[in-house]
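Asks: Kindly produce the complete structure, drawing on both the sequences and the hints.
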Amino acid sequence: MKLDIDKLAADMTGAIKKVLEKKWPEIGDYAEVGARNLAEALIKIEKSKLTGELDEKEAKIHLFIQKNAAGSMLLAIEGLGILAAEEAINAAFQVVKDTVNTALGFSLL
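Going by my numbering, the sequence shown opens with residue 5, and the numbers climb by one from there.
Simulated from the structure, these hints should not be mistaken for lab results. Wrong hints could be hidden among the right ones.
[Said to hold, decoys possible] Derived Cβ-Cβ restraints for the label pairs, each shown as a range:
#: 1; residue 1: Val37; residue 2: Asn94; range: 12 to 20 Å
#: 2; residue 1: Lys61; residue 2: Glu25; range: 31 to 39 Å
#: 3; residue 1: Asp33; residue 2: Leu54; range: 29 to 37 Å
#: 4; residue 1: Lys61; residue 2: Gly32; range: 30 to 38 Å
#: 5; residue 1: Ser52; residue 2: Lys101; range: 14 to 22 Å
[To be verified] In silico BS3-like cross-links for lysine-lysine, where the CA-CA straight-line distance does not exceed 27 Å:
#: 6; residue 1: Lys71; residue 2: Lys22
#: 7; residue 1: Lys64; residue 2: Lys6
#: 8; residue 1: Lys71; residue 2: Lys61
#: 9; residue 1: Lys71; residue 2: Lys21
#: 10; residue 1: Lys61; residue 2: Lys27
#: 11; residue 1: Lys101; residue 2: Lys21
This structure is a prediction, so every number in the text was calculated from the model and none was measured. All C-beta atoms in this analysis are idealised placements derived from N, C-alpha and C, irrespective of residue type, glycine included.
Replies: So, in structure tokens, the structure goes:
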């Protein structure tokens, strides 16, 4: 099963929006970019796994780095705390978890 970057990004954006609804007018553009970046990272992990460039451990490390980058971007927004940023990122991954894990053949998310 091949991952669809547009669907991943849209689903993750929707999940982030639900969590950060009150701040959405201020952070929506940043959140959309962050979700797209995370979707691109998941696509890269999928391609790298298929070509043998990444194994499961390396994929998890790559995802950890990307997750922290997305969280840092959200934390740069004034008034958005660590817990809210973490909750938003976790919600984004939760909504695509089954799709991504099935496509990869192992539990990444």
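Asks: Next, verify each hint and record whether it holds.
Replies: Now the hints, each set against the structure:
1. Val37 to Asn94: 12 to 20 Å: holds, 18 Å
2. Lys61 to Glu25: 31 to 39 Å: Distance hint for lysine 61, glutamate 25 holds at roughly 36 Å.
3. Asp33 to Leu54: 29 to 37 Å: The hinted range 29 to 37 Å holds for aspartate 33 and leucine 54, with Cβ atoms some 32 Å apart.
4. Lys61 to Gly32: 30 to 38 Å: holds, 35 Å
5. Ser52 to Lys101: 14 to 22 Å: holds, 19 Å
6. Lys71 to Lys22: holds, 18 Å
7. Lys64 to Lys6: holds, 19 Å
8. Lys71 to Lys61: holds, 15 Å
9. Lys71 to Lys21: Holds, at about 17 Å.
10. Lys61 to Lys27: violated, 35 Å
11. Lys101 to Lys21: This hinted pair holds, its Cα atoms lying about 17 Å apart.
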